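J.: Residue-level listing of the chains:
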Amino acid sequence: MSPAITHVHLAAGEASEHRPLIITLFAVFVAATLVITVWAGRQTKDAADFYAGGRQFTAFQNGLAVSGDYMSAASFLGIAGAIALFGYDGFLYSIGFLVAWLVALLLVAEPLRNSGRYTMGDVLAYRMRQRPVRTAAGTSTIVVSIFYLLAQMAGAGVLVSLLLGITSDGGKIGIVALVGVLMIVYVTIGGMKGTTWVQMVKAVLLIAGALLLTFLVLLKFHFNISDLLGSAADNSGKGSAFLEPGLKYGATGTTKLDFISLGIALVLGTAGLPHILIRFYTVPTAKAARKSVIWAIGLIGAFYLMTLALGFGAAALIKPDEIIASNKAGNTAAPLLALHLGGVDSNWGAILLATISAVAFATILAVVAGLTLASSSSFAHDIYANVIKKGTATEKQELGAARWATVGIGAVSIVLGALARDLNVAGLVALAFAVAASANLPTILYSLFWKRFTTSGALWSIYGGLVTAVGLVLFSPVVSGKPTSMFPDVDFHWFPLENPGIISIPVGFLLGVVGTLLSKETPDSGKYAELEVRSLTGTGAH
Amino acid sequence: MATDAPPPSKTEHRLPSTEEFVAVQESAEFGELRRSYRSFAFPLTVAFIAWYLLFVLLSSYAGDFMGTKLFGNVNVALGLGLAQFLTTFLIAWWTARHAADRLDPKAEAIKSRMEGGA
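Chains Z and Y supply the protein sequences, listed in that same order. Residue 227 in the UniProt record's numbering sits at position 227 of the first sequence, and the numbers go up by one each step. Residue 102 in the UniProt record's numbering sits at position 102 of the second sequence, and the numbers go up by one each step.
Hints are computed from structural coordinates only; laboratory data are not their basis. Certain hints may be false.
[To be verified] If you want the ones that stay clear, here's a sample from chain Z, every Cβ over 10 Å from chain Y, calculated:
#: 1; residue: 106
#: 2; residue: 211
#: 3; residue: 214
#: 4; residue: 220
#: 5; residue: 245
#: 6; residue: 483
[Claimed, not checked] Going by beta-carbon spacing under 10 Å, a handful of chain Z positions derived as facing chain Y:
#: 7; residue: 96
#: 8; residue: 230
#: 9; residue: 259
#: 10; residue: 293
#: 11; residue: 305
#: 12; residue: 394
#: 13; residue: 488
#: 14; residue: 492
#: 15; residue: 541
Computed from a predicted structure; not experimentally measured. Every residue, glycine too, gets a C-beta built ideally from N, C-alpha and C.
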């Protein structure tokens, strides 16, 4: 999102008048999802219910839920805002986010569904020594999810504060805490079943909201796309450059390289995101997992096409100064667009703004719930049950651990989210993708497709990818040395790029090979036969 | 979908032994399934990643070409961006068809024989 928000034009101006309406809609959504959660909680009896929603969701339901998990506030507000401010360069994000799904479809979703049970670690550890590999898988799952979570929590604070006109530190911390408490409730009570339904409701609301705004934008331009683009270019003050690459990333050789690094991280990160991967366990078969990815590609693709209309619509209808005054990163462009489409001084404008704001809030809540579930599942199933208890824990103990882990992760996120409320967290989502692509994807692919791959290969790849990605970010301008950094007053950066992917992803893949070739360990060929036959045919799948 | 399979977590399939898995892995039938899968998925993955990277590189280093107007205010950059969407949708559709025609029948035959307890 953005650094310290000093301009709260939207909040101080139009939004505060609509506060009662926005709060009512938020409350309706929260109440509805709590009812769903309690209902789902009553049906959650065993581990397969808690971790995998009983594996009885249909491909379409899971496709919706996957889309819900994936379309975070960063994609809705962030991409629309980036397009509104930077034109074409904002569009580049959505392309990477979408194309990435093909990796999941072609290489990961089905084999994972066939060979794992509850977590990503199940597949990584399948033919390896359980304890070290599960520890590594659990560690990287929690690191990736916490980075992602932090970005959403801090974003929630910024966004909701802005929309509700809350500017005090206490108010922002209160909102972060509220989001944290709600996500703990969703996950501990509803488990995967409740979380999946919340994702579905959110996905439907988000798509409906985007459809409505897209329709209204196109109506304004008599469904003439070329006119829309032309007005956006004129109104932006940048002319035809607004429709060409380069406004955001074209400045220097370094920013161009940074863009390539980001592009690689986006396209390879998705298939390594634990909260996305565990969604494939909620359907009964690999075939259903494949169909849910196909639904997700259709829904997410359609949604990103709509964000294009929203972003260019905002650029065409709102003065750039007004967008920047409301939020420097453009994160409030979509709600502002709703206000302008309805009419700034009319009730319609107020209602549309409130609706879109409530949808954005729903988006954040659902995504944080999905992330929390992924990390607490991995803690309970990989680390507690298989490493600490060495497989002797009862199902009841394991689920107890999962619920306590949820409370713990929720508490950690509230504290970190409150601390990070004024920091620039935009880098964190991209970092989560880079870490997922560097630490998780290589091991997933080698485990499934490379017979010789060994435990040390897996450990080298996971830890090496993780340390390289996180380390490079630590010494990048995201953390220090620039006015937009987390710590702008100190400078210890030496890595020039904001996204580490271009280095850390090849390192992750390479270390998997090096670790394997250097180890004297003989791979367990019987176990590989099991994994390979199982991953392609589903024999013995749970 | 929900009717495709009984609740999997609650039904205990007969789990074949490691020897059976090894025998199947070495069988011609499984070899053919693996070949149909890999010869489709691997080259296609390389192809779409290359196509995406080409697009990223053009966006970074070929600004003039990307700015060429196609019609109205639509330029090459937007056209290629939309083409990425189109190819993603097409590959998804093609994958679904390939899997249903070429992979699912073979996979199901092997699975039902192994779990049936031959």
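J.: All the hints need checking, so say for each whether the structure fits it.
T.: Status of the hints after comparison with the structure:
| no. | hint | in the structure |
| --- | --- | --- |
| 1 | 106 | 4 Å, violated |
| 2 | 211 | 17 Å, holds |
| 3 | 214 | 15 Å, holds |
| 4 | 220 | 16 Å, holds |
| 5 | 245 | 4 Å, violated |
| 6 | 483 | 24 Å, holds |
| 7 | 96 | 7 Å, holds |
| 8 | 230 | 4 Å, holds |
| 9 | 259 | 6 Å, holds |
| 10 | 293 | 8 Å, holds |
| 11 | 305 | 7 Å, holds |
| 12 | 394 | 16 Å, violated |
| 13 | 488 | 27 Å, violated |
| 14 | 492 | 28 Å, violated |
| 15 | 541 | 7 Å, holds |
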